[in-house]
Amino acid sequence: MIKSILWKEWREQQWKLAFGTVMLLFFTGSLLASRIVSDNEVVLIVWLFGGFLLALYSAMGVFAPEHSNKTTTFLASKPLEAWKVFACKWFVGWLNFAVPLMICSLVLGFTTIRGIKYPGTGPRIMGMDISGTLGAIALSTMFYTLTCCLAPCKSSEAFVGFTGLIVFFAMIIHITIFSEIIITPSYLTGLTLFQQMILFINPLFWIHLIKPLHDTVYVSVLILEQATVFSMVLWFGLRKWQRNI
Amino acid sequence: MSESAIQINDLRFSYGRNQVLRGVNLNVPEGSIFGFLGRNGTGKTTTIKLLLGLIQPSGGNCRVLGLDTVAQTMAVRRRVGYMAEDQQMYGWMRIEQIVKWVGSFYQEWDDKLINSLLDGLELSPKTKVKTLSKGQNSRLALLLALGHRPKIVILDDPTLGLDPIARKDFLRNVIDLLQTNGVTVFFSSHLLYEIEPVADHIAIIDKGVIIKIGRTDWLRETVKKFILTPKSDSDYSRVDGILDVVQAGDSISLTIENCDKEKNAILKEFSTNGLQELDLNLDEIFEAYVIGNRGTQNQRKLTADNVNVENATND
Chain Y
1 MIKSILWKEW REQQWKLAFG TVMLLFFTGS LLASRIVSDN EVVLIVWLFG GFLLALYSAM
61 GVFAPEHSNK TTTFLASKPL EAWKVFACKW FVGWLNFAVP LMICSLVLGF TTIRGIKYPG
121 TGPRIMGMDI SGTLGAIALS TMFYTLTCCL APCKSSEAFV GFTGLIVFFA MIIHITIFSE
181 IIITPSYLTG LTLFQQMILF INPLFWIHLI KPLHDTVYVS VLILEQATVF SMVLWFGLRK
241 WQRNI
Chain C
1 MSESAIQIND LRFSYGRNQV LRGVNLNVPE GSIFGFLGRN GTGKTTTIKL LLGLIQPSGG
61 NCRVLGLDTV AQTMAVRRRV GYMAEDQQMY GWMRIEQIVK WVGSFYQEWD DKLINSLLDG
121 LELSPKTKVK TLSKGQNSRL ALLLALGHRP KIVILDDPTL GLDPIARKDF LRNVIDLLQT
181 NGVTVFFSSH LLYEIEPVAD HIAIIDKGVI IKIGRTDWLR ETVKKFILTP KSDSDYSRVD
241 GILDVVQAGD SISLTIENCD KEKNAILKEF STNGLQELDL NLDEIFEAYV IGNRGTQNQR
301 KLTADNVNVE NATND
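Residue numbers (my numbering), protein chains in the order written: chain Y, 1 to 245; chain C, 1 to 315.
Bear in mind the hints are in silico, worked out from the structure with no lab data behind them.
Keep in mind that a hint or two might mislead.
To be verified - Facing chain Y, a subset of chain C residues (Cβ under 7 Å, in silico):
hint, residue
1, Q88
2, M89
3, W218
4, R220
Just so you know, even glycine gets a beta-carbon here, dropped at the ideal spot from N, CA and C.
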C-alpha cells in the first residue's frame, strides 16, 4: 500500500528531483568556472541556494497540488490511513532537495579529493564534508517542513511559497532572539545584531551545530528545541491534512 | 431488504459556527437504490463525507454495514464504492495505471470485472485521464468505485456537469451494473428527474434535517395535489399535512401529504364545485416539501381572501 502511494508521489515529483539536481550542478559548475568568488564561498552559496530554494520549491509541490487539482477527496476516500499518505508525500518532497544537495556535495567532494583544478589555478579547498552536507540538509528539512505544514488550509502553490518566505524570516528572528537573549555562544560575542543575522543565514553556522563544539549546552538546547518544534509542526501538518479533505 | 445498509442516528456537523447537519436520522435498506435529495448546500455531501469517515461528526453516529464510521473508517472504505461530485482524478495517469493503482488498495479487487467494465463502458486502457471527456471521466469514476465489488455504492451528485445525453447514458450504466447485483446504492442529487426512474426509496434533506423519507412509490401515492374552489368559511386546520397552498383565480391548489379517504372527504366539503385530484411527480413533491408554505397554512383557519394575502406576502 505504501509502495503504491510512493509510486504515485514519485511519478508526480521525479522531474523536480532531476530538475533540481541539474540546476544545482550547473549553478555550482558555473560559479566555480567563473572564479568570481572563492571556493569556500561557492559552497556557502550552493548550500544556501540548494537548501532554501529547492526546499521551498519542493514544499510548494507537496500538498498544495492535491487541493488545486481537486484530487484530495479521491485520494482520501480510498482505504488509506492519512498518516501514511502524509508521510509518503513528505518523504518524496524531502528527496527533491536532499538528493540534489547530496549529489552536489559528492561531486564537489570528489573534485576536492582528486585535486581537480583549472589550468593556471591551484587545487580547490572546498570545506565540503559529510557533517557540512548533513547540516545543510537538516536546515533545509526544518525549513521545508515548517513551510509545507504551516501553510494555511487548502493553500495554492503560490501561497505556500509566500508562507515559505514568512518562515524564512521567522527562522532568522528566532535564532537572533535565541542567541541574543537565551545564550550567547562564544563565537557570537563581539558581533553586531546584523552580523549575527548574516551568520545565521550562513549554512556553515548551522553546520557548526552538529560538530563537536565547546559550548555543548547551547548545542543541546538548540537541537532539543528544534526537534520539539519539528515534531510539533509535523503533527500539526498531519492534523491539517486529515481535516482539510 | 429488511436489514439496514446505512444507519444514521441524530447526526450533527458544523463547519465552524455554521451548523450544517442538525440531527439527521436515516435508515437505508439493504439492496435498495436510495435517492438522497436536497438543494445545494443542504448537507448532502457533508452527510456522505461523514459516512466515509472523511470528516468527524460533532454529534450522533453513523453505521455502514454495521460498522461505525469513526472507529472503523478503513473497514468502511474497503466495503464502500464512492464516487464524488465532479470527481477529479490524476490527469497524468493512463486508465490502466489508475485502475492498477486504485486496485492496489483493495484485496478484493476484481481484474476480470474491471476488464469487462472497461469494454462495457467503452474506455480504452491506454487513454490518459486528462484527455477524457466529462462523460468518460464519470464512467471511469464509476468503474473505479465498483472494482472491489462493494456492498454499497455511494454516488454524490455523479452526473454534475454532464450533458443530458451523457447523464442518461450514465444512469443507464448505473442501473445495468448495480440494480441486478443486489448492491445498495446511495445516490445523492438535486436533479429530481434523474433520481425518479432509478430510486426505490428517497429521503429529502433541507437545512440539515431530513424532512421526508419513504418509498418512492408510496410518496407518489400519498402526496397529492387538489384543486378546488373553496367556500368562504373553509377551515383548513382540519386537514393535516398541507404542504403548499397556491391561489389561482377563484380556485386554490392544495398539496397534501399522507392523503387518505378522510382527507379527501373533508376537502370535498370545502369545495363549492367538486374536487380535482392530481398525481405529482417527484420534482413537484420535492418542491412542495422544500419550498411549500405549509407552516403558515396549517395552523389556522384560512379563507380564499387571506390565502391571497398569504401568497402576496410570500411573493
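What are the numbers of the hints that this structure violates, sorted from low to high? Hints 3, 4 not satisfied by this model.
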